[in-house]
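Sequence order for the protein chains is A and B.
The C-terminal position of the first sequence is numbered 119 in the numbering used here, with every residue numbered one higher than the one before it.
The C-terminal position of the second sequence is numbered 101 in the numbering used here, with every residue numbered one higher than the one before it.
The hints are simulated quantities; they were obtained by calculation from the structure and are not laboratory data.
Glycine included, each C-beta is placed from N, C-alpha and C at the ideal position.
Which bits of chain B does chain A cover? Going by a derived footprint, with three or more residues having C-beta under 8 Å, they are: (1) 28 to 40; (2) 87 to 96.
In silico lysine to aspartate or glutamate, DMTMM-like type, Cα no more than 20 Å apart, as pairs: (3) B:Lys30 to A:Glu45; (4) B:Lys56 to B:Glu44; (5) B:Lys(-11) to A:Asp58.
Residues of chain A placed beyond 12 Å of chain B at every Cβ, according to the derived structure: (6) Gly17; (7) Gln18; (8) Glu63; (9) Glu84.
Residues per chain are reported as follows:
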Amino acid sequence: DAGVIQSPRHEVTEMGQEVTLRCKPISGHDYLFWYRQTMMRGLELLIYFNNNVPIDDSGMPEDRFSAKMPNASFSTLKIQPSEPRDSAVYFCASSPRDRGLRAANEQFFGPGTRLTVL
Amino acid sequence: KQEVTQIPAALSVPEGENLVLNCSFTDSAIYNLQWFRQDPGKGLTSLLLIQSSQREQTSGRLNASLDKSSGRSTLYIAASQPGDSATYLCAVLNNNAGNMLTFGGGTRLMVKP
Chain A
2 DAGVIQSPRH
12 EVTEMGQEVT
22 LRCKPISGHD
32 YLFWYRQTMM
42 RGLELLIYFN
52 NNVPIDDSGM
62 PEDRFSAKMP
72 NASFSTLKIQ
82 PSEPRDSAVY
92 FCASSPRDRG
102 LRAANEQFFG
112 PGTRLTVL
Chain B
-11 KQEVTQIPAA
-1 LSVPEGENLV
9 LNCSFTDSAI
19 YNLQWFRQDP
29 GKGLTSLLLI
39 QSSQREQTSG
49 RLNASLDKSS
59 GRSTLYIAAS
69 QPGDSATYLC
79 AVLNNNAGNM
89 LTFGGGTRLM
99 VKP
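Bound conformation, chain A alone (with noise of 0.2 Å):
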């Protein structure tokens, strides 16, 4: 398996612009998390998903944050419009089901979008 893939690896844009960061999970895991990682902050969960269900977005910081999963191997996450604090790394990451409702398995992360906002 590839493992959980994200695109863009780098994105530099302008304040304001509309942002879209993409990601794959691994084939047959029902959760996917979108997290960001700050110097700051460090690791903040934004949203996580249940088979393609958003469960919990109370991380997302603000409306301009959306995040969706049209399919069991596809979810987007978008900002607009951009501003310079949202400069930080999104990652994603999924995890296979647990013998209960859990995701109580390992979480294995993508490589990371590397976001800028001049």
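Assemble the complex: chain A is given as a structure, and chain B must be docked to it using the hints.
Positioned in the frame of chain A, the structure of chain B alone reads:
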């Protein structure tokens, strides 16, 4: 609210030394704890996952222990190598937090040849 702390924030050791990285958490009602490694500019690689019912997990030169009652976990690295240089993060999954991992700030390890 769960808080995860890792001490020290940075550590430099000579090659061959055994070392211990520490992780502490404030809420002991955890479902599991996971240790990750992150290389510069890269994503996170899962090293070990300890379920709440377990006391330790081992993989090669790595051993992770969990003491839920005291809110602590340690990652022991035996016979460290320069290739072990990376940032190590611990993350906990709470019983009452759905599937949200809470991460510590990480320990940046440098192993000198």
